[in-house]
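Taken in sequence, the protein lines are chains A and B. My numbering puts the first residue of the first sequence at 1, with every later residue one more than the last. My numbering puts the first residue of the second sequence at 1, with every later residue one more than the last.
Keep in mind the hints are simulated off the structure, nothing from the lab. One or more hints might be untrue.
[Said to hold, decoys possible] Pairwise CB distance ranges, derived in the manner of DEER restraints:
id, chain 1, residue 1, chain 2, residue 2, range
1, A, S618, B, G69, 53 to 61 Å
2, B, G69, A, G502, 34 to 42 Å
3, A, P501, B, R146, 24 to 32 Å
4, B, A41, A, V267, 37 to 45 Å
5, B, I110, A, G502, 19 to 27 Å
6, B, G69, A, E365, 25 to 33 Å
7, B, A156, A, N467, 50 to 58 Å
8, A, E296, B, P201, 30 to 38 Å
9, A, G287, B, P201, 30 to 38 Å
10, A, A298, B, Y355, 53 to 61 Å
11, B, Y187, A, K264, 25 to 33 Å
12, B, M70, A, G285, 55 to 63 Å
[Stated by the list, open to error] Calculated cross-link-like contacts (lysine to any residue; reagent style SDA-like; alpha-carbon spacing at most 25 Å):
id, chain 1, residue 1, chain 2, residue 2
13, B, K143, A, P324
14, B, K25, A, A300
15, A, K515, B, Q331
16, A, K498, B, R232
17, B, K143, A, R500
18, B, K30, A, P324
19, A, K335, B, G31
20, A, K548, B, V86
21, B, K200, A, K498
22, A, K515, B, A107
Beta carbons are placed, not taken as given, at the ideal position from N, Cα and C, and that holds for glycine.
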Amino acid sequence: MSFEEIKRQAASEWKAMQNSPIPRILIGTATCGMAAGAETIMEALNAELAKNNIKADIIQVGCIGLCYAEPLFEVIKPGKPGVFYGDLTPELVAEIIRDWLVGDNPRPDLALGTRGEGTLKGIPKLFELPVLKPQVRIVLRNCGNIDPTNIGHYIANGGYEGFIKALKMKPQEIIDEMKKSGLRGRGGAGFPTGMKWQFCHDAPGTVKYIVCNADEGDPGAFMDRAVMEGDPHAVLEGMLIGAYAIGASEGYVYIRAEYPLAIKRLVVALKQMEECGLLGDNILGSGFNFHIKIKEGAGAFVCGEETALMASIEGNRGMPRSRPPFPAQSGLWGKPTNINNVETWANVSAILQKSASWFASYGTEKSKGTKTFSLVGKVVRTGLIEVPMGITLREIIYGIGGGIPGGKKYKATQTGGPSGGCLPTSFLDSPVDYESLAAAGSIMGSGGMVVMDETTCMVDVARYFLNFTQSESCGKCVMCRLGTKQMLDILQDIVNGKGRPGDIELLLEVGDAIKNGSLCALGGTAPNPVQTTIRYFRDEYEAHINEKRCPALACRPLISYYIIPEKCQGCGICIRACTSEAIKGGKRMVHVIDQSKCAKCGTCLDVCPAKFSAVAISSGAPVKAPAEPVPVGGKA
Amino acid sequence: MTTTASTTAEEKKVATITLTIDGKKVEAPKGVTVLEAALGADIYIPTLCYDPDLKPYGACRLCVVEIDGMRGIVSSCTTPAADKMVVHTETPKVNQARRIAIELIMANHIGDCLTCAKNQQCELQKVARYLGIEQEHFDRLRKGTRVLPIDKSHPAFDRDHNKCILCGRCVRACQEIAGVGAIDLAYRGYAAKVSTFGDKPIHDSICESCGECIARCPTGALVPKRTRQATRHVKTICPYCGVGCSIYLGMRGNEIVEVQGDRESPVNKGGLCVKGRFGFDFVNHPSRLTKPLIRKEGKGKDIQVNGNFKDIFREATWDEALDLVAKRLNQIKEKYGPDSIGVLSSAKCTNEENYLLQKFTRAVIGTNNIDHCARL
Ligand SMILES: Cc1cc2nc3c(=O)[nH]c(=O)nc-3n(C[C@H](O)[C@H](O)[C@H](O)COP(=O)(O)O)c2cc1C
Ligand code: SF4
Ligand code: SF4
Ligand code: SF4
Ligand code: SF4
Ligand code: SF4
Ligand code: FES
Ligand code: FES
C-alpha cells in the first residue's frame with residue numbers, strides 16, 4: 001500500500017469513528033491515570049455498560065494533562081459534544097452512564113467541560129476553562145485525543161505528513177527550516193536544534209546515528225513519558241525526519257526501564273511503522289534506510305547527560321566524558337551522532353507538518369514555540385501543561401494552576417529540577433523563557449515546575465535537591481562527587497540546628513568551585529538550588545544558623561509542638577492520639593507536651609479540634625507553656 | 001589506503017603547533033593535549049588522574065586551566081591543544097577551583113601519612129603540598145566519616161578504599177594495559193568506589209595479579225604487601241621468561257624489596273606480569289638452594305621431603321655433584337641409549353645458556369629430546 005492509500009484509509013476510518021452511531025468513551029490510561037485508579041474505573045465502566053445493555057467503544061488514550069482530576073474520561077454521545085468527567089469513582093461512573101447514556105442528562109454538576117462541536121447547557125467548553133485556555137498544544141497535540149496504539153489515528157490527524165514533506169526536500173532545506181523555526185532543545189540546555197543538526201550533517205563520515213533522549217531523570221518530571229505514552233509516533237516521526245536530514249540510518253531511543261508503558265507503546269509504534277513501510281530499508285520507496293532500536297536504561301539521572309547516555313548504549317558504565325569532541329563529531333562508537341530530547345523530536349514533526357513560521361509565531365524572540373511543564377507542588381490544579389514561551393509564572397500558577405490551596409501564601413517556584421533554582425515572588429511576572437530563567441539563576445530544564453507555599457522551608461528544599469544530585473552523581477569527578485557531598489553535609493547540619501557561622505559563605509564558595517570545575521553539567525548545575533535559595537532567601541539560612549529557628553516551621557529538629565494554655569479545653573483528644581505518650585493532662589486540665597518525649601509527628605496539631613486550635617509550633621525560642629498540667633481557666 | 005594512513009601518521013609526527021602558555025610561546029606536536037604541551041615545555045600543572053600511559057579521563061579537576069575563547073575553566077588533560085591557543089594555568093578562578101578540589105579530597109581522606117606505605121612517595125601528598133592547604137580553610141569543611149574495610153585478600157597487595165581518590169588509574173590500567181578488566185567503578189555519588197565484579201575480594205575476581213594497577217595508584221590505596229622502602233635502584237632484566245622485561249630492582253642493602261618496570265624499555269614499556277613484579281621473594285628465601293645437594297645413600301625417591309631436605313640430601317661441592325651427574329648420564333646412555341634421556345631447559349636461563357644446553361643435548365648426549373619451559 002502506498003502512503004496515500006494508508007492515509008486515505010486512516011482518514012475514512014477516523015471519520016467513521018467520529019460519525020459512529022454508538023457512543024465512544026475515551027479514558028486516560030497513561031501512567032498517571034493508572035496510578036489514580038483508571039483500571040478500577042474501566043472495570044466499573046464495562047460492568048455498567050453491560051448492566052444497562054449499552055454498546056459503546058472504549059478507547060484508551062494518553063494523558064490530557066488534567067492530572068488533578070484523574071481518573072477521568074470523555075463520554076461522546078453520537079451527535080453531541082464529548083463531555084469530560086473527572087475524579088471518577090465506580091459510583092460516579094454508574095451515575096453518569098445512567099443519566100447521560102441511558103438518560104439524557106449530561107450531569108453538569110459532575111462534568112468538567114465539553115469538547116467538539118456543539119454545546120451542552122450548563123457545561124463550559126473544556127478548552128475555554130482557565131486551566132486549558134492559556135495552553136497551546138503542539139507537543140501534546142494528540143495526547144488524550146487518539147489511541148496511541150493505532151498508527152491510523154495518528155495519520156488521520158496529520159501524522160507523517162511532515163516526513164512526507166521532508167522526503168521531497170533536500171536535507172539542507174530541512175535543516176534550514178529547523179533553523180528558521182527557532183526550535184531549541186527541550187532536554188535542558190536549550191541549544192538551537194537546527195544548528196546541532198547542521199554540525200552532525202557537516203561532520204565527515206558515512207555512518208551516523210540519531211538518538212532520542214528519553215531518560216527523563218528529573219524527580220517529578222513526566223512530560224516525556226506522557227508524550228511517549230500518549231503519542232509515540234509524534235516522537236518517532238521527528239526522528240525519521242532528523243535521520244533523513246542528517247544522513248543517519250540508525251537510531252536509538254534511550255529510555256529508562258521504569259517507563260514500561262512508554263516502552264510498550266514505542267514497541268507497538270515501531271512495528272506499525274514497519275508495517276506501513278515507514279521504517280526499515282528503502283522507506284516508502286525513497287531509497288532512505290532507517291532503523292530504530294530501543295535501549296533501556298537502568299534509571300540513572302546521569303545517564304540523561306549525552307556522553308554518559310552514549311557510554312551506556314555502548315555497554316559501558318554511564319559516566320560522562322569531557323567535550324570536545326562533541327557527539328556531532330564523535331558520538332556513539334566514535335561516529336557523528338545527534339541527540340535530541342523526546343519533546344524536541346515531537347516538535348520537529350509538528351514543524352515539518354505545519355511550518356517553521358507557524359511554529360515561530362509562538363513564544364518570544366529567542367525562545368520560540370511552547371514548553372511542557374509538569375506543574376506540581378502547592379497548586380490547586382496539578383498536571384501536565386503546555387504553554388507558549390514567554391507566559392508569566394503568575395499566569396501559570398494562578399491561571400492554569402488555580403493558585404495556592406488552603407489560603408496559604410505563595411513563596412517560590414522551582415524550575416529546572418535539581419539543576420534549577422527557586423524563584424521568589426518578585427519573579428511572578430517575569431516571562432518563562434530560556435533567557436529570563438537563566439538571568440534569575442535558574443534554568444528552563446526539562447520542565448519540572450514545583451510550586452511552594454509559606455510552609456516550605458527553602459533550606460530544606462535546597463537540601464532535598466542536593467541529596468538527589470549527590471546520590472545521582474556518577475562519582476567520576478572530585479568536584480561533583482565530593483563537592484555535592486560537602487554542600488549536602490553543611491545543609492544537613494543547618495537544618496539540624498548545627499549550622500556554623502560562615503557556612504553560607506562556604507556553601508557559596510564550594511558551590512562556585514563545583515560549578516566552574518565539574519566535568520559535566522550534573523555537577524555544573526548542582527549548586528543552583530542552593531545558590532538561588534541563598535540569593536533570595538538568605539534570611540531563612542541565617543535564622544537556621546544564628547537563631548536555630550526554621551521560619552517555615554518545617555525543619556523537625558528546630559521546631560517544638562506545644563499546647564497554648566489559654567486555648568486548651570482539656571478535651572483529651574490529643575493525649576489519645578499521641579503515640580509517643582508525650583502529652584500529659586487530665587479532665588479539664590490544660591494539657592502539656594513533654595518535649596523530651598515528643599517525636600514531632602504533628603498528630604496532636606492535626607487532631608486538636610479546629611474550634612480550639614490549641615496546638616501550635618514554635619521554633620527558635622523556648623515554648624511558652626507550663627511544665628505540668630494546670631486546670632483549664634487557670635483556677636486551681 | 002596504507003600509504004595514506006602512514007603519511008598522515010608521519011605528518012602528525014612532524015607537524016607542530018604553537019601555543020602560548022602563561023605568556024610563554026610553546027611548541028608542541030600536533031595531537032597532544034594542553035597538559036602535555038605544558039609539561040613538555042616544563043610548565044608544571046598539578047595532576048592526579050593523568051597518566052601518560054593511559055587515555056585522558058578528567059576526574060581529579062586539578063589540571064584545570066583557562067583558555068582564551070573557551071567558557072569557564074577546562075581540564076587541560078582532556079582538552080586537545082590547538083594552534084594559537086592562549087592558555088593560563090594560574091588565574092584566580094583556576095586557583096580557587098584547585099584549592100577547593102584538593103581540600104575536598106583531603107577532607108575525605110581517611111588515613112595517616114606517617115603510617116602510610118606511600119608516605120613521601122605519594123602523589124597526593126605532593127600535589128597537596130604544592131597547592132598548599134590552609135588550616136583555617138580546611139577546618140571549616142565537614143570531614144568524611146565513611147570507613148570501608150581494607151581488602152587484604154590478595155597475597156601480594158592490599159586495597160584500602162579509604163585512601164582512594166577515585167582517579168581511575170587502576171581501572172584504566174587494568175583495561176587499557178593489562179587488558180583484563182577485573183575492576184571498574186561501581187555505585188553512584190559518595191558511595192562510588194573501585195570494585196570487582198559483584199564487589200568480591202580482589203582475590204576472588206578475574207584479576208591476574210599483574211600489578212599494573214598497583215604501579216599506577218597515586219596514593220596509598222593500592223600498595224604491595226611488602227612495603228619496606230628501597231634505598232637505591234638497580235637496572236636489570238627480569239629473570240623469569242624469554243620476553244626479557246627491563247626492570248629496576250629496589251634495593252635495601254643487599255636485599256630486593258621491590259621491582260619496578262622500566263618505562264623507557266621498548267620491550268615492556270614499564271609493564272610487568274605477576275612473576276616479574278611480585279615474585280622476587282625467592283632471592284632471599286631461607287629455603288633457596290645455594291649449594292648442590294646429593295641424595296643420601298639408601299634414601300629412595302618414595303620418601304617424603306616434608307620441608308627438611310637434610311634428612312634425604314647432603315650438601316656437596318659443585319665438582320662432586322657435576323662428576324656424579326656426568327657419571328650417571330654416561331651409565332644411562334650406555335645401558336639404555338641416548339634417546340632414554342630428555343632435557344628440559346628453563347626460561348630463567350639466558351639465551352646463551354639455553355643454546356649451550358641444546359648443543360650439549362644434541363652433540364654430547366646425542367638426542368633431540370630437548371625442550372624448554374617457555375613452550376608449556
Ligand atoms: C545530569 C544531566 C541529565 C540530563 N538528563 C536529560 C534527560 O533526562 N533528558 C534529556 O532529554 N536531556 C537530558 N540532559 C541533557 C542532555 O545532555 C542533552 O543536552 C539533550 O538530550 C540534548 O537534546 P536537546 O538538544 O533536544 O535538548 C541531561 C543533562 C545532564 C547534564
Ligand atoms: S507532635 Fe506527635 S509525638 Fe509530639 S506531642 Fe504531638 S502527637 Fe505526640
Ligand atoms: S490541646 Fe487540643 S486536643 Fe489536646 S486537650 Fe487541648 S484542646 Fe484537646
Ligand atoms: S595516601 Fe598519601 S596522603 Fe594518603 S595517607 Fe598515604 S601518604 Fe598520606
Ligand atoms: S593486578 Fe592487574 S589484573 Fe589485577 S586488578 Fe590490577 S591491573 Fe587488573
Ligand atoms: S585505587 Fe588508586 S589508582 Fe585506583 S582509583 Fe583509587 S587512587 Fe586511583
Ligand atoms: S560526576 Fe558529573 S560533574 Fe562530576
Ligand atoms: S589530571 Fe586532568 S582532571 Fe585529573
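Taking the hints in turn, this is what the structure says about them:
no.	hint	verdict
1	A:S618 x B:G69: 53 to 61 Å	holds, 56 Å
2	B:G69 x A:G502: 34 to 42 Å	holds, 36 Å
3	A:P501 x B:R146: 24 to 32 Å	holds, 27 Å
4	B:A41 x A:V267: 37 to 45 Å	violated, 56 Å
5	B:I110 x A:G502: 19 to 27 Å	holds, 24 Å
6	B:G69 x A:E365: 25 to 33 Å	holds, 26 Å
7	B:A156 x A:N467: 50 to 58 Å	violated, 40 Å
8	A:E296 x B:P201: 30 to 38 Å	holds, 31 Å
9	A:G287 x B:P201: 30 to 38 Å	violated, 57 Å
10	A:A298 x B:Y355: 53 to 61 Å	holds, 59 Å
11	B:Y187 x A:K264: 25 to 33 Å	holds, 30 Å
12	B:M70 x A:G285: 55 to 63 Å	violated, 47 Å
13	B:K143 x A:P324	violated, 34 Å
14	B:K25 x A:A300	violated, 44 Å
15	A:K515 x B:Q331	violated, 84 Å
16	A:K498 x B:R232	violated, 52 Å
17	B:K143 x A:R500	holds, 14 Å
18	B:K30 x A:P324	holds, 16 Å
19	A:K335 x B:G31	holds, 19 Å
20	A:K548 x B:V86	violated, 49 Å
21	B:K200 x A:K498	violated, 38 Å
22	A:K515 x B:A107	holds, 19 Å
Against the hints set out earlier in the document, violations occur for numbers 4, 7, 9, 12, 13, 14, 15, 16, 20, 21.
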